[in-house]
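Required output: the full structure, derived from the provided sequences and hints.
Residue numbers (UniProt numbering), protein chains in the order written: chain B, 1 to 251; chain E, 1 to 271.
Hints are supplied without guarantee of correctness; some may be wrong.
[What the hints assert, rightly or not] Footprint (simulated), chain E over chain B, 3 or more residues, beta carbon under 8 angstroms:
#1 137-145
#2 160-167
#3 235-247
To be clear, the hints were calculated from the coordinates, so they are not data collected in a lab. Beta carbons are placed, not taken as given, at the ideal position from N, Cα and C, and that holds for glycine.
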Amino acid sequence: MKRISLRLALPALLLLLWWTTSARSTSPFYPPLSEVLVSFRETWLFARFGSDVVPSLVRLLAGLLIASVVGVALGVALGRSAPLARAMNPAVQFCRSVPGTALIPVSVVLLGIGDGAKIGVIAFVCAFPVLLNTVDAVRGIDPQLEDVARSYRLTRAQRLSSVLLPAAAPQIFAGVRTALGMAFIMMVVTELYAATDGVGFVTVSARNSFDVPGMWAGTVLLGLLGVSLTALFLALQRRVLRWHIGMTERN
Amino acid sequence: MLSVTHLRKTYGSGGQAVEAIRDLTLTVGKGEFVCIVGPSGAGKTTLLKCLCGLLAPSDGTVTLDGEPVTGPPKAMASVFQDYSRSLMPWFSVERNVGLPLRNKHRSAADRAKRIEGALAAVGLESFGSRYPWELSGGMQQRVAIARGLAYEPEILLLDEPFASVDAQTRADLEDLILRVREATGVTMLLVTHDIDEAVYLADRVVVMSARPSVVVETVAVDLPRPRDQVATKSLARFAELRAHVLRLIRNTADQPAPAAPAAVTGAAHED
Ligand SMILES: Nc1ncnc2c1ncn2[C@@H]1O[C@H](COP(=O)(O)OP(=O)(O)OP(=O)(O)O)[C@@H](O)[C@H]1O
Ligand SMILES: [Mg+2]
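In structure tokens form, the structure reads like this:
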């Protein structure tokens, strides 16, 4: 209880500060918080929820899922095979260095402005943290565990599911968490250009039509979505990595 | 029958090459209990890894019932020296013991029965749902032993399996191993630092020299069975054998091995 109130203290203080400083504001770009909240309720609860929030989240999650699956699969392959890793390394380093936002014009030209293009960009950008963490984790697996797996004649599938992936899981999760942050940024960025729906699209449209409270409301929603997604992800991680948390707390 | 002829194992190559085993010849008959003793770093673990097909010998051959061993044989189970790194920390004790059984026993009930039996044998019946890292070092080592027992191998290789348990548990586990062997006829090959333990358990004790190792002598243990912690260890013959093995180890520990090939002495074992 005490911990929760401690955690809520600073956000409450900031809200209060925002409320008081904006209450008598006459600047058209810094409207009173009350107006922002009204706009928030009118737009997002829940008029545009289904039409814009859901498509945004679907694209984000689809991109992240594809990135995780591809990143882990490729990461296991590269982590196991040194020659393959050497052959792939220049290409991986090159692709990783291209800023995600620079891919959007290319993807629009190549794939159009549909969901596929946006999911593709998100997946491409997010695959790298997962990939690099997986490679690192797979290389670091204790050789003795692999001896155990081999001497008890575990099949390849069993070695993957019972040894390799669980052993790599803590680092894979760290990679996916980084990827989640990047996916969120890319979700918004892909909606700023050539989009027809999404939280980012609505927010930018509000700005373009001088609906300043609407722009602020969209930004607040993005912040809330970011916090909620991170919290959900951490809850999932606590479940899956319960053994790892227990083990590290013990030592 | 497990047999090793002129086994040589060198790690690495060129300037950094480490010759762990120079020339080892050894046979273990069906149902036999062989203990291997030797100074630390002699290459005992290396020998076991070659025997169970995890390491390819640099020279020489390993055969099991006449077939060359090129990978881990079905009939073999191993209990590794470093227990803390041989259990999967993400699985409960039960799942650790049960993991290798999945390919042997299709039915979950069959597996559960064997898991339960093996855990009971090592005195951990109430710890099945715990994680390995919740247990003490000695308990983890017992889980590793239980995993080997549950697998029901024809040959069990044990690499210093009792090194991290207290004296009482150690004696209990020694007797457990003897009982299992009595009941199932499983062939045992056990590495130990403890000369008393080797003489108490074995039909034959193989004494290895320091690295690069050869067999110094194979000592036949002609003590009556069943063995008993008190009665067997108070026999005059036990003291003699023990002193003999100790002398062999003392004499070889700080001397380099003679040039190959080494003589193999002691009782030749016929199956
Ligand atoms: N993977 C490896 N690479 C290089 N050298 C190794 C490797 N494994 C073992 N050695 C060396 O081979 C020698 C024998 O090692 P091994 O582990 O077989 O000895 P051991 O008899 O089991 O020792 P201990 O009684 O301490 O367990 C040692 O000198 C060791 O340093
Ligand atoms: Mg060893």
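*Check whether three or more residues of the region 137-145 of chain B sit with their beta carbon closer than 8 angstroms to a beta carbon of chain E.*
holds (count 3)
*Given as covered by chain E, does the region 160-167 of chain B meet the bar of three residues or more with CB within less than 8 angstroms?*
It holds: at least three residues are needed, and the region 160-167 of chain B offers 4 whose Cβ sits within less than 8 angstroms of chain E.
*Verify the coverage statement for the region 235-247 of chain B against chain E, using a C-beta to C-beta distance below 8 angstroms and requiring 3 or more qualifying residues.*
holds (count 4)
Comparing the model with each numbered hint stated earlier shows that all of them hold.
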